[in-house]
Each structure stands twice: as structure tokens, then as C-alpha cells.
Amino acid sequence: MPAAPVHPGPVHPGPVPAVRRALASLGYAVGLPVLLVVAWALATRGTTNLYYPPPSRVLTAFVSTWLAPDTLVRDVLPSLGRFAVGVLLSIVIGVVVGTAIGATPWLRALLEPMLEFFRAIPPVVLVPVLMLLLGIDDTMKLAVIVSGSVWPVLLNTIEGVRGTDPVLVDTSRSYRVRGLLAYRYVVLPAASPQIMAGVRLALSIGLILMVISEMFASSSGLGYQIVYFQRQYMVAEMWSGILLLGLVGVAVAAVFQLVERRVLHWYHGSREVARA
Amino acid sequence: MLGTLGVAGFALTWELVAWAEVVNPAYLPRFSTTAARLVTELGEPRFWSALGDTVVTWALGLLIAVAAAVVAGAVIGLVPFLRRATHSTVEFLRPIPSVAIIPLAVLVAGLSREAALVIVVYAPFWQVFIQVLYGVGDVDTVADDTARSFGLGRLQRLRHVVLPTALPYVITGFRLAASIALVLTITAELVIGNPGIGRQIDVYRSAPDAPGLYALVLVTGLLGLLVNLVTRLVERRVLHWHPSVRREGVA
Amino acid sequence: MPENTPLLSVRDLKKTYQGASGPVEAIGSITFDVRPGELVCIVGPSGCGKTTLLKCLSGLLPPTAGSVTLDGAEVTAPPKKMAVVFQEYGRSLYPWLTVRDNVGLPLKARGVPRRERLAAVERALEEVGLGHALDTYPWQLSGGMQQRVAIARAVAYEPEILVMDEPFAAVDAQTRADLEDLVRRVWQDLGVTVLFVTHDIDESVYLGERVLMLSSSPTVVQQDLAIDLPAARDQLTTRAMPRFTELRTQVYEQIQRAKRGETVAAPS
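Residue numbers (my numbering), protein chains in the order written: chain A, -11 to 264; chain B, 617 to 867; chain C, 523 to 790.
If you're looking for bench data, these hints aren't it; they were derived computationally from the structure.
These figures come from a predicted structure and were not determined experimentally.
Beyond 12 Å from chain B on every Cβ pair, some chain A residues (computed): (1) 73; (2) 156; (3) 161; (4) 175.
Using C-beta positions, here's what the derived DEER-type ranges look like: (5) A:253 / C:707: 30 to 36 Å; (6) C:640 / B:776: 55 to 61 Å; (7) A:81 / B:632: 21 to 27 Å; (8) A:189 / B:624: 28 to 34 Å; (9) A:5 / C:707: 51 to 57 Å; (10) B:640 / A:27: 51 to 57 Å; (11) C:602 / B:632: 43 to 49 Å; (12) C:534 / A:166: 28 to 34 Å; (13) C:568 / B:619: 36 to 42 Å; (14) A:72 / B:846: 32 to 38 Å.
The beta carbon of each residue, even a glycine, is placed where N, CA and C say it ideally should be.
Just chain A, with the same shape it has in the complex:
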């Protein structure tokens, strides 16, 4: 297995350089963030500027606002729950429908222009439409998330199924691997690199729509709270909300990467071998 580091660097004997290298990595990772926070703290020290509160105040606001059991249960968890359910629904719908369309050439030709059109619609404009059709409730918020995040999964799945290596298709046919078994062991894995790329997009679109649907039409949730703080000029609280959304975004990206590494380990592995 080729696992050569990209930058071998100067060769030092003994274990000390390894420690030094680890410390250097750590330094690089936290250096700039620490610097930025310190700069922010210094710049806002003692000021009463309404718009830019010092980091300590934002941190206090973060703890008191978002970690209070009340907010956690009423706003944060329901928001995250809707996000999770919405994205999961999008993935299931996108993959199931996408594999069906991808495997049926005439259906694909029939639907593709329409699907491209739906994907091109900015997902947020569906918020007013769905508000009209469904009213203002959890169903509408879920529908908003699904209506935006389903397209990248759906279209990527179609693309992935269509792009399955014809030799693999022939192999499966000649060994009579059919039906559910072929779906599970051939069709889905063959399309999975594309599907995962679609899921990554679906996650970021879903997060945006979770926030938007609450900003628009809600009396609770992360998006609602942030807008509320802004309107009330509770700036530190608002900043802490942005921080929370940033953290959610980072956490979602990290979880995705973990899952992707697992699901596509064969893909990354074989590409690495092919490059070497």
C-alpha cells in the first residue's frame, strides 16, 4: 500500500522530531483561530460598540442562550431534528427514485429536462409556494427542506447509475446477479461516489433551508431565534446564534466526511492505487 507522505521533509533520527512535528501541526491548526479571537478581544476591549461585542460576551451569551435546557428543547433540538429528517427523506427519495430513473433509459430521457429545471429553481423560492400549499407547520418546514435537498441526490444518483461500468453490468448479468441482490451489491455501490457527492450538497442546502423556513414562518427554532435577536438588537445573542450555526455546519461536515470515508473507502483506495 502506497502511503508515502507528500512532504517527507528533512530526515531526523529519533522520536523527538515526531513530537516536534505533531506540535507544529497543532500549532498550525490552532494558531490562526487563537490569533483571530485575541485580535477580536483586543479590538473590542472596553468598547460599547453595539454591533461588535467582545468574544467573552458572545461566549457567555452562547452558554446562557443555547445551552439553557429551555432553548435546547424548544428551539435547537426540533430544528436539528427537522434538518435530520428532511435530509434523510431527501436521500431516501433521491436514491430510490434516482436508481429507478437511472436504470430506465426512456424514463430518463422523458424526465431529465424537467428535473434539471427543478434543480435550477433556487430552493428558497419554494418556501412561499409551500407556505401557500401546506400552511405553516412542521410538515411545511420538512417539505421545504426536502424540496431543496432532494434534487442533488436525485440527479447525482441518476448520473451515477447511468455511469455504471458496462463491463460490470455485463458481469452481473452473465452471473445472473439480479433483483434486490444486484441493487444492493452492484447498482448502489457503483453509483455511491456520485450519490455521496449529491448528499454533501443536500446537507448544505438542507441546513440553509432549515434556517430559512424558520426565519420566515415560525415562532421557534434556530432561524427564528437568530432573527428575533437581531430585531431586538440582542447582538451578542445573535452572534452566538451565528456561532452555533457555524458549529452545526462544521459538525455536519465532519460527520459527513466520516461516513463518506467509510462508505467510499474502496473508491478512495482504488483511486490512490491508480494514481501511484
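Assemble the complex: chain A is given as a structure, and chains B and C must be docked to it using the hints.
Just chains B and C now, kept in the frame of chain A:
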């Protein structure tokens, strides 16, 4: 063409569902009503000024995002120290959903185009920035060393080695950024309320004027398709003019 | 089954593609039989439709006219009693499955119980000398080893006929010699019928008990030649035999004629 049939089928389904009044007709107008409304809308100066506003915000946002990202990406990408030092910060900032900063933008810039631009620039900036980093990181060290041994200066190397390698990445970033910027432009108009198609959609929603709302949703879809089409064309054109930077040359 | 009844019978097989500029005749008319237990090589100049022929034989592609019969039943879909080894080993193995699962998947599809399946997989991989590689992924193996996995998959499938489409075209010479001997051994050990398609004249003579020579497109069987070399073959001694050279020359001349487009006497 089967695809045309698909579009016709969609229109027909819409017409029938609305005709059967599965949903309250005040909320779901027929396709024919919507299409007729779209045609009337096209005759209204109000529509064209909204469209103009949207296009200007989009173009400005995209321009700022691409310019800033190319400069920042090139500088950070070419200096290994900066590249390493900024990595964690970039990875933190990038996934922040752009809408999260809407309240901040409104607080700082009011209900204005400037506030919208903050949103419109944010996400596309990262998209292009990352692509530029990839592009600059992809420069063949052999080619660079060769150029250096021929005595090419820093600027010349930038022009003849780095630029051709990074260009396809930048163009791809540009294409993705153009779509994202459009989505965010309309989002910002809808949420912040600065003039444009997005605000018009919200006006029709609260009226409520369902045919107008649906007609404008169709317009945004068509606008999105148009942006895709044009950027794809630009991508093909630019990469076509630079045969030396095709994928084969990179690998 | 009596020895003389053919296992595989191809009658007037014809395949025309709808090309951009009208129909393209890939296979003119092919007729031949393969008897049970034979090892038959099909050799022809490149571009003569070998792969098309193979796809028709294996039920992956419907012929335009004519018929393929396997064990008395007409082939209209991939038959149960046939296993295929494709040329592109890198693309015919599932990169997301381990070697074990690659070999086992067709058995799973057939409903072989787990315990029995795992035993069959291990046996087949032992047979091709890859008993140690059960839990690796195909892309971690060399080209030759990947093709061994594909052969093991075919062997584990326990077919009556094993069809191989230029399986060694993309591996280096040394590996190729090893794999050729592996095919001979599998054939002798398991008593399976083998149909081996190649463009390599030496390979066809070394491997086959019979060699069918195809003409250029539109393809017909140009000659059907029995290879009367001893059954125990060896890369060094067999290839050094005067008879080997004679047969090789014969095949070579036919192929050259085929390339020039000369038709020769009907197949024997």
C-alpha cells in the same frame, strides 16, 4: 424528443391537478393561468426592473467573490506557510450556512443591496477560493523547476506555469459560484427585502397572488437554467482556448 | 450425455449493428459446435467481432439471426450453466467487494447456503493460488492476480462451460504464461468445457485442443483445426516441439489470409 414530451406531461399534470381542485385553487392556479400571467408579467416594467435589480446584485456579488477569491487563493496557495496556517480556519468558516449571517448583514448594512451582497459573496467566495487552492497546488513541480532553470522570473512563472494549470480549476469554481450566487441573490431579496425578483415573490405571496407567485418561481428556474447554460459555455470556450491545460497534461 | 452430442451449438449466427451510416455487419454467419469436455480456442484478427460473438454466445446480446444452443436449450438470456471471464479484469471485478465477496456474489444470487458458499469460494481461490487473498480488495492486487480472482469466480460458479474473452490480453508475458497453465490445469482438474477467445496465435495453439479461426469482418469460421499436441503441456517443451511450430504456422497463414480478405474452404 422525449424530453419535450416530459415537459408537456408536467404542464398537463399540473393543469389537471389544478383543474380537479385537489388543492384550493387560490393556492394552486392552473398551469394555463400561470403561463398567461407570466406573459402579462413580461409586459410589465415592474417585472423588468425587478429582474434588472436581481441581475445586477448577482453580477456584482459574483464579481466581488471571484476577484477576492482568486487573489486570496493565489496568495495563500502559493505560500506553503499561509496554506498550512489558514487551513483550520477555512475549514471552520466554509461550512457556515450563508443564511446564518443574514441577521448580521442586516444589522450592519440595513435592508439594502449591500446587506444582500454580504450573503451573495460569502458562499461563492469559498467555492472559488477552494478551487484556486486546488489549482495552484496542482502545479507540476517539474514544470516549475524547468521554468526556473530557464531563468523565468517570479511573474513570468506565474503567467506561464501557474496560471495555465490553475485556470481550469478557477473556471470550474466560477461555474459553481455563478449558480450559488444566483440562489443567494434571490434568497437575500426574499428574506432581506432588497429589490429584485425575490422580493416580488414575497409580495405576491403575502397578497396573496398565486398566479403571480408561480409565474415568478418559473422565472427563477429559467434564470437558473440560463446561468448554467452560459457558464457551461464559458467553461468550454475558455478551456478550449487553452489546450495545454487539459486533464491529460495535468496527470 | 453421449460424447458426440454437442454441448454448445452455434448455427448461422449473424449480428448486424445499426450504425450511424446504415447497418454494420459484425458477424457474417458463424456455425460451430463445442463438445462436452473440449477446450476450444477461437482466434481471429483484431476487429473481427470476437467480443460480439462472445456476447451473443453468453446471452448478453441477442443475435440478428441464427441460434445458440447450450445443452439442448436455446440461449436467449445468460444461461445458468455458463461462466464468463472478461478481458477487462480491472473492470469486471466489483471494487467495493473483497475478493471473497466477488467470488461469492454469483453463488449468493443462485441461493447457495452461506456455509457451502464460503467453502466453495475458498476452494476456488485455493485452486487459482489465491487462498491467502480472501479479504483483500481486487484493486490491491496485481493485474494477473485480479484475473485469477475472475477465474476463481468462474470456477466457483461450477459451470458446464467456461467462456473466456481474451482474458490475458492486458497482462505481462510471464504472468500470461502462468495464467495459461492455470487454464489448462483448471480444465483438466475440473473436466469443464472451455471456450477461449484470443487474438494471440501462439496462445491458441498452446492452449487449445481445437482452434477455430475466424475471418475478418463480416466474420465467418475460416478453419477448424484439431491440435494434436500431447495433453500434458509445458511452456518450454511444448512450445519447442516441431509440431507446435507447424500448427502455429498453419494458423498464422490462415489469419494472414483472413486479414487480406481471402475466403478459404468451408470449415471441416
